[in-house]
Amino acid sequence: KQEVTQIPAALSVPEGENLVLNCSFTDSAIYNLQWFRQDPGKGLTSLLLIQSSQREQTSGRLNASLDKSSGRSTLYIAASQPGDSATYLCAVSLGDYKLSFGAGTTVTVRA
Amino acid sequence: KAGVTQTPRYLIKTRGQQVTLSCSPISGHRSVSWYQQTPGQGLQFLFEYFSETQRNKGNFPGRFSGRQFSNSRSEMNVSTLELGDSALYLCASSFNRDSDTQYFGPGTRLTVL
Chain A
47 KQEVTQIPAA LSVPEGENLV LNCSFTDSAI YNLQWFRQDP GKGLTSLLLI
97 QSSQREQTSG RLNASLDKSS GRSTLYIAAS QPGDSATYLC AVSLGDYKLS
147 FGAGTTVTVR A
Chain B
0 KAGVTQTPRY LIKTRGQQVT LSCSPISGHR SVSWYQQTPG QGLQFLFEYF
50 SETQRNKGNF PGRFSGRQFS NSRSEMNVST LELGDSALYL CASSFNRDSD
100 TQYFGPGTRL TVL
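Top line first, the protein sequences correspond to chains A and B. When you line the first sequence up against our numbering, it's residues 47 to 157, in that order. When you line the second sequence up against our numbering, it's residues 0 to 112, in that order.
Partial selection, computed: residues in chain B whose CB lies under 10 Å from chain A: (1) Y34; (2) F44; (3) R54; (4) N55.
Honestly, the hints are just simulated from the structure, not real lab data. Glycine included, C-beta positions come from ideal geometry on N, C-alpha and C.
Chain B on its own, in the form it takes in the complex (with noise of 0.2 Å):
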């Protein structure tokens, strides 16, 4: 079974700028989470998704936005980017509940310059 796939791998925009990010989770995954990690921060929880609805939010500011579409793909969107917002985006999927297992996919790069 094909594991948690992300798109793109590398990003590089400037201030201001605005990107999406993609993510396909594995088949039969109906929760897609994403993530921001930093070296200071560390990771930090962005938002959640299942069956299309955001079920919980981190503590972000509203430039970040999510979306689940019907095939349990989702997208990350960041508005007017900020230097601040460089950092490895991953997103995980899982079958259902809190009680399974967090896969993860191989994160986007994103750089802001």
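With the rest of the complex left out, here is chain A (with noise of 0.2 Å):
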């Protein structure tokens, strides 16, 4: 069974400061991996998803790095704005059609 962590499990950072947000799963033979965000009684907003076969991906100021051997992924969000005050949500799938999610990690970006 596929587990998946996200550490640490709430973040308060200054605007203005880099973010890094971790991701780890026990089962490396993963098919891809996806990084949300969800805010408050919200749905899911994807940001950035992972094929197996790369290192990372990049979208504006957000950055995610696979490392499928060692089990991780880091989501780096520059610049931080309070605006990216959020849950970030990772999660993988082994190609059985389902993910697995993380328990997210809280982000608060103080203005």
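Once you've looked at the hints, go ahead and assemble the two chains, each given alone in its own frame, into the complex.
Below, the structure written as structure tokens:
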């Protein structure tokens, strides 16, 4: 069974600081990994999708890396803004049509 | 292109009742998945449908069921509701395979009294 862990559970930073969010998974035979953002009481917004053959993906201020062999992914958010405050979730797929989610990291960016 | 839509957005039911939730995927998407989100258990996979066929099912009791129609719209049903079924139920769609990005709807908030 795939276990996904996200550390830390919560993070508070001043505006402008770079954010580093960590995700680890137990089964390295993943098909892909996705990072999502969730605002309170809302659905999930996809941020980045990394296929198993890729090492990283970038979109604007976001960069996600993937190291399958060590079972880790890191999401970097550059120059954080108050609007980045949300819960960030990582999810992995083993190619079985389902996602296994971590518990998330709740980020607060202080103005 | 319109996103994933879910109806209703909020529901209040009492124990023992049954409920049906609906999900309309993004146009052209053929895969629909359902997830339950609770503060204690986080996001848990319920089931996935593609072309009206269930391809995978999570570890939930038989009270949870679903189906997909020929237009890719999907419904999930929960019978004999229990207090522990109170949760945010999220639907996600993707074009086809596991390699595709999953797009989530806003969810249906179910409260069981």
